[in-house]
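Given these sequences and hints, build the entire structure.
The chain contents come next:
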Amino acid sequence: MTTRALASRFAGYAILIFFSLVFLYPFVIQISNSFKTEADASANPLSPVPHPFTTDAFDRIFGSTAFPTWLGNSVLVTIIVTLGRVLFGSMAGYALARLRFPGRPVLFALVLGMMAVPPVVLLIPKFLVLNQLGMYNSYPALIVPLLADATGIFIMKQFFESVPVSVEEAARIDGAGVFRMFWSVVLPTAKPALITLTILSFQGSWNEFPHTLVSVQDPGLFTLPRGLADLVSGSLGAGTQYPLKLGAALLATIPVAIIFVTFQRYFVRDANEGAERG
Amino acid sequence: MATGIRGNERGAGWLFIAPAAIVLGLFMALPILMALWVSLTSWNGQGSPFTSDVPFAGLDNYTKLFAEDGLARQDFMTSVRNNGYYVLFVVPIQTVLALGLALVVNNRMLKNKGFFRTAFYFPSVTSSVAISVVFLFMFANTGAINAVLGVFGIDGPQWFADPRGVLHLLLGWTGLVDVNAPPAALADHGVLGLTWWDWISGPSVAMCAIITLVVWTTSGTFMLMFLAALQNLPVQLDEAGLIDGANRWQRFRHITLPQLRPTLFLVLTLGLIATWQVFDQIYVMSQGNPAKTTLTPAFLSYRTAFRDFDYGSGAAISFVLFVLIVVLTLFQRWVMRERR
Numbered sequence: 001m002t003t004r005a006l007a008s009r010f011a012g013y014a015i016l017i018f019f020s021l022v023f024l025y026p027f028v029i030q031i032s033n034s035f036k037t038e039a040d041a042s043a044n045p046l047s048p049v050p051h052p053f054t055t056d057a058f059d060r061i062f063g064s065t066a067f068p069t070w071l072g073n074s075v076l077v078t079i080i081v082t083l084g085r086v087l088f089g090s091m092a093g094y095a096l097a098r099l100r101f102p103g104r105p106v107l108f109a110l111v112l113g114m115m116a117v118p119p120v121v122l123l124i125p126k127f128l129v130l131n132q133l134g135m136y137n138s139y140p141a142l143i144v145p146l147l148a149d150a151t152g153i154f155i156m157k158q159f160f161e162s163v164p165v166s167v168e169e170a171a172r173i174d175g176a177g178v179f180r181m182f183w184s185v186v187l188p189t190a191k192p193a194l195i196t197l198t199i200l201s202f203q204g205s206w207n208e209f210p211h212t213l214v215s216v217q218d219p220g221l222f223t224l225p226r227g228l229a230d231l232v233s234g235s236l237g238a239g240t241q242y243p244l245k246l247g248a249a250l251l252a253t254i255p256v257a258i259i260f261v262t263f264q265r266y267f268v269r270d271a272n273e274g275a276e277r278g
Numbered sequence: 001m002a003t004g005i006r007g008n009e010r011g012a013g014w015l016f017i018a019p020a021a022i023v024l025g026l027f028m029a030l031p032i033l034m035a036l037w038v039s040l041t042s043w044n045g046q047g048s049p050f051t052s053d054v055p056f057a058g059l060d061n062y063t064k065l066f067a068e069d070g071l072a073r074q075d076f077m078t079s080v081r082n083n084g085y086y087v088l089f090v091v092p093i094q095t096v097l098a099l100g101l102a103l104v105v106n107n108r109m110l111k112n113k114g115f116f117r118t119a120f121y122f123p124s125v126t127s128s129v130a131i132s133v134v135f136l137f138m139f140a141n142t143g144a145i146n147a148v149l150g151v152f153g154i155d156g157p158q159w160f161a162d163p164r165g166v167l168h169l170l171l172g173w174t175g176l177v178d179v180n181a182p183p184a185a186l187a188d189h190g191v192l193g194l195t196w197w198d199w200i201s202g203p204s205v206a207m208c209a210i211i212t213l214v215v216w217t218t219s220g221t222f223m224l225m226f227l228a229a230l231q232n233l234p235v236q237l238d239e240a241g242l243i244d245g246a247n248r249w250q251r252f253r254h255i256t257l258p259q260l261r262p263t264l265f266l267v268l269t270l271g272l273i274a275t276w277q278v279f280d281q282i283y284v285m286s287q288g289n290p291a292k293t294t295l296t297p298a299f300l301s302y303r304t305a306f307r308d309f310d311y312g313s314g315a316a317i318s319f320v321l322f323v324l325i326v327v328l329t330l331f332q333r334w335v336m337r338e339r340r
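Residue numbers (UniProt numbering), protein chains in the order written: chain A, 1 to 278; chain B, 1 to 340.
In short, the hints are calculated from the structure, not lab data. Owing to the predicted nature of the structure, the values given are computational and were not obtained by experimental measurement. Glycine residues also receive a C-beta, built at the ideal position from the N, C-alpha and C atoms. If a hint is listed, it holds; no wrong ones were tucked in.
To give an idea of the chain B side of the interface with chain A (calculated C-beta under 7 Å), a few residues:
#1 Ala12
#2 Phe27
#3 Met28
#4 Ile32
#5 Asn107
#6 Phe116
#7 Val133
#8 Gly143
#9 Ala144
Pairwise CB distance ranges, derived in the manner of DEER restraints:
#10 A:Arg100 - B:Asp244: 51 to 59 Å
#11 A:Val22 - B:Pro262: 26 to 34 Å
#12 A:Glu169 - B:Ala240: 46 to 54 Å
#13 A:Pro105 - B:Gln158: 52 to 60 Å
#14 B:Ala161 - A:Gln132: 36 to 44 Å
#15 B:Leu30 - A:Arg265: 33 to 41 Å
#16 B:Leu257 - A:Glu169: 45 to 53 Å
#17 A:Gly113 - B:Leu88: 27 to 35 Å
#18 A:Gln132 - B:Leu186: 44 to 52 Å
Computed, partial: chain A to chain B, Cβ under 8 Å:
#19 Gly12
#20 Ser20
#21 Arg100
#22 Leu122
#23 Leu128
Here is the structure:
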């Protein structure tokens with residue numbers, strides 16, 4: 001290998017390692033500072049080693065904040081929303097890809113249109129409809145509006161269009177009804193797309209924040225992101241209490257981190273599909 | 001038999017699409033229409049906005065944002081300015097960073113690409129609220145960023161308490177303008193409720209912290225898009241360039257970059273669309289403070305409705321933002337239409 005190539009390889013690694021630090025060190029800081037005392041965290045914010053080491057922040061997270069309530073609400077919302085999005089998304093995607101019925105082109109155009117609607121402009125509108133329907137400040141308000149998303153429908157439609165119809169034709173000749181065929185023939189073949197949609201829905205609903213702002217106001221109905229935002233805005237009382245806040249944020253990040261590491265290739269695929277989809 | 005199946009399909013089609021259609025219709029289409037109505041009223045949040053007791057305001061909520069001198073226009077234009085600078089900084093920086101990282105990760109001579117790809121992408125999948133908490137700590141007065149700056153002998157600012165615009169600071173630092181007594185030509189005249197001097201402030205120091213956070217979280221996603229595009233490029237072209245004696249920069253500039261144009265366009269427009277929607281980070285980190293320099297239209301619309309109980313004005317701001325983003329999205333789809 002020439003010196004030039006060696007130098008270029010060295011420079012390449014140097015850049016990559018520098019940026020890995022930039023992208024990962026904030027998480028190191030988050031983890032280490034959540035095990036520090038408040039004084040230590042403000043005196044040595046950069047140090048990766050807590051001195052002294054303490055789990056005081058976590059004791060207080062579980063002992064004197066409503067964290068357990070938020071966690072429970074987040075788990076409940078995430079499970080129901082993920083199931084709903086996967087089921088409704090694949091059903092709608094299948095109908096748009098395969099079933100012939102009047103109004104289908106219009107419905108698909110509407111799905112494309114809804115994908116373009118920016119979520120932040122829906123804050124006031126969603127509040128209005130929840131208020132009008134008498135759902136505001138309840139579990140249904142937190143969950144039902146998230147049960148379907150246009151992007152999920154789009155992903156499933158694209159997927160169903162990419163698989164050959166032959167299996168379904170065979171089932172059709174057997175005289176299977178449309179729903180039974182969908183459930184026992186179509187869905188099992190759609191596993192990769194279903195996993196992608198499950199992961200996307202899980203991540204999206206676990207991290208969802210703006211919707212909780214306009215759907216509930218009772219602290220007993222807060223999910224983790226809403227509770228965290230509430231902690232930061234000063235419901236804690238004296239001091240900055242960074243170890244506690246960082247610890248709570250850390251606990252809220254762990255489930256998504258585990259899913260990310262386990263199913264990484266599905267995340268990557270989704271971003272790539274985004275590139276191709278345009 | 002065939003007609004039987006078709007007839008069956010017709011009902012099944014509607015049945016299959018019904019759950020999603022009901023949810024999206026009830027919580028997306030209907031609310032948009034309701035908000036459009038509310039934006040024409042001065043509903044204060046009491047009772048239902050759809051009774052005759054609610055005063056009809058016509059287009060007042062909209063004209064207040066553009067044509068009438070007053071606090072509403074001043075706040076709205078301030079939020080547009082803030083978000084404008086935010087877009088101007090975030091979009092180019094994240095695009096260049098994403099492309100640069102993708103080029104390095106794509107280098108054929110390097111191993112362990114998977115690890116680096118993961119490391120760069122991970123911040124994108126985490127909760128915006130949780131990450132904002134981490135960055136609040138990093139940018140705290142005694143936080144990690146100021147500790148790093150201290151190593152280089154720089155006395156870091158009080159990030160989230162500092163409303164000074166960076167272009168103002170730059171002008172003051174060059175000695176061209178006295179920041180405390182800006183030239184009358186700029187300070188005494190203006191357009192749309194802000195003086196020229198206010199318009200050219202640049203992002204505030206506080207906004208720079210938020211810009212840093214957002215560039216950090218989103219670059220990874222765009223890097224993956226560039227990486228996917230780079231891996232699909234034919235190697236032969238690059239090798240032909242190498243044989244012709246083109247150096248690395250020339251090959252990038254004249255061979256790689258032209259082939260990346262569709263991806264570059266996609267990343268730029270996705271960035272433009274997303275940056276006009278910044279909300280979560282503002283809510284958690286600054287609530288529009290200090291001195292309204294991190295106020296954005298999305299947050300202003302929320303604040304106007306849910307804190308000042310002026311739902312009509314809040315909804316009007318939302319719709320202006322809506323139109324802006326839809327126009328950007330239609331432009332993007334129109335340019336990329338052949339590729340679909």
